[in-house]
Every structure is written in C-alpha cells, then in structure tokens.
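Colleague: Whatever position you read off the sequence shown (first residue = 1), add 17 for the working numbering.
What the hints contain is simulated information worked out from the structure, not anything from laboratory work.
As the structure is a computational prediction, the values presented were derived from the model and not from experiment.
Each residue gets a CB set at the ideal place from its N, CA and C atoms; glycine is no exception.
Check each hint, because a few of them may be wrong.
Computed spacing ranges between beta-carbons, pair by pair [stated by the list, open to error]:
no. : residue 1 : residue 2 : range
1   : L231      : I179      : 36 to 44 angstroms
2   : P77       : L43       : 14 to 22 angstroms
3   : R180      : I78       : 44 to 52 angstroms
4   : F94       : G126      : 21 to 29 angstroms
5   : G176      : G36       : 38 to 46 angstroms
6   : L188      : S50       : 38 to 46 angstroms
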Amino acid sequence: MIPLRDENPTYIFPFITVGIVLLNCLLFLYQLSWGRGLILRLGVIPYEIIHGVDLPPPSPIPVRLTPFTSMFMHGGFLHIGGNMLYLWIFGDNVEEQLGHLRFLLFYLGCGLAAEGVQILTNPQSTIPLIGASGAIAGVLGAYLVRFPRARVLTLVILGYFIRVMRVPAFLLLGLWFLIQLLNGIPSLGGGVSGGVAWFAHIGGFAAGAIGAKLLGGGRG
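Build out the structure end to end from the sequences listed, making use of the hints.
Modeller: So, in structure tokens, the structure goes:
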C-alpha cells in the first residue's frame, strides 16, 4: 500500500516538515557528487559508536555526531523519494499538534532512538546506516496515536488488484509496522537485512508512539 495523501487538514504552515524535506533533497543532490565516500564518512557505523573509534576513511566530524548527519543521507532516489513522501503526508499534522520547535526536537529524538535500537541489534557492524527512515517512523507512530481514524488516500496493489482507496490510518500504519516486525525479527543479529535497517524503523515507530502519548493527547 502506497499512501498518496491524507484527509486530515492542518491550519498552520508546517515550516519544519517542509524544511526537513528540502534539506534532505538538497543534501542528497550534494551527496550524489561524492558517491559512497561521503556515506562512509558521515553515515553512522555501529562499531565506531560502540568503540569510539574512527574507521577509515576518516570522518570530518567526531563519530559521536554521525547519528545526526546520517539522518539526512540516502542511498538512492527510491530511498529518499519514499521517505519524503511519508514525511510530507504525515508530518504536517504531527507538527501542528506538537508545535514547530517541539516537532523538530521530537523528529531528531526519534531518529536517534531508531539508530540506537538498530546499533544494539548488531553493535559490531561496520556497515554505515543512513536515511531518515527511523525519524520518519517516529512521525508515523505519533500519527497513529494522535489520528488513528484519519483517512488516507492509498494506492492498494494486491497482484492484479490495483485500486485507490481511503484507508483508516490505524490500518495503513498498523500494517506498515507489522511488516517491519515480520522482516526485522529474522534479521536479529545480522543488523541490516536486504539493505534495510528494520529495527531502526521499529525503534523509531515505538519512540514516536510513546512520545506522542507522553506529550499529551490530541484530536483523533
């Protein structure tokens, strides 16, 4: 299922959501000129974080800061396209509920939590983790808690069955989380399965859902 837009109006301009989307896109264009070298330097590498070492090639920043830079890097057009689509659809409503500054801190906090969970699943990995997926998973978790009954216009593809349908958020996002669990559990101990850090998604989503609860209720 591919979300196209939600039917959940906002009454503010989502400065932070738009800013994050633009920043990710601009940095991705910059990243294209560097190739994999920049990923190795600015992606978060579990082994480096756990042991406090900087594996070659050397990073231009302290390795303890790479969890922040990695959140704004992507592995390809599909990677960034999918992430920004989800953030664009679901971020504005969460930003409206939390307020601009709290949303920014919430987004970064979910991203750090996501990376922390992924690192713990395979702390000796030397494969760099990149992408906004964990932070955006936190936004999805918050959206599910705050707006479970909101309708989301969704492209549903099941074999030859292709249709655009209005799906409640709890069903769309609940299935999304279930898919992460089903793929993540078999990857335990392996860290990244098929190029996807499943437990970053799981950790980010859980952090977002818990954070949305702790930060108070909202309209559903």
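Colleague: Kindly confirm whether 38 to 46 angstroms is satisfied by the beta carbon distance between G176 and G36.
Modeller: The hinted range 38 to 46 angstroms holds for G176 and G36, with Cβ atoms some 39 angstroms apart.
Colleague: Given the hint of 44 to 52 angstroms, is the C-beta distance from R180 to I78 inside that range or not?
Modeller: 47 angstroms, holds
Colleague: Taking the beta carbons of L231 and I179, is their distance inside 36 to 44 angstroms?
Modeller: Between L231 and I179, where Cβ atoms are some 40 angstroms apart, the hint holds.
Colleague: At the C-beta level, are P77 and L43 separated by a distance inside 14 to 22 angstroms?
Modeller: 18 angstroms, holds
Colleague: Given the hint of 38 to 46 angstroms, check if L188 and S50 actually sit that far apart at their C-beta atoms.
Modeller: 41 angstroms, holds
Colleague: Quick one: are F94 and G126 within 21 to 29 angstroms, going by C-beta?
Modeller: Holds, at about 28 angstroms.
Violation of the numbered hints given earlier is absent; every hint is satisfied by the structure.
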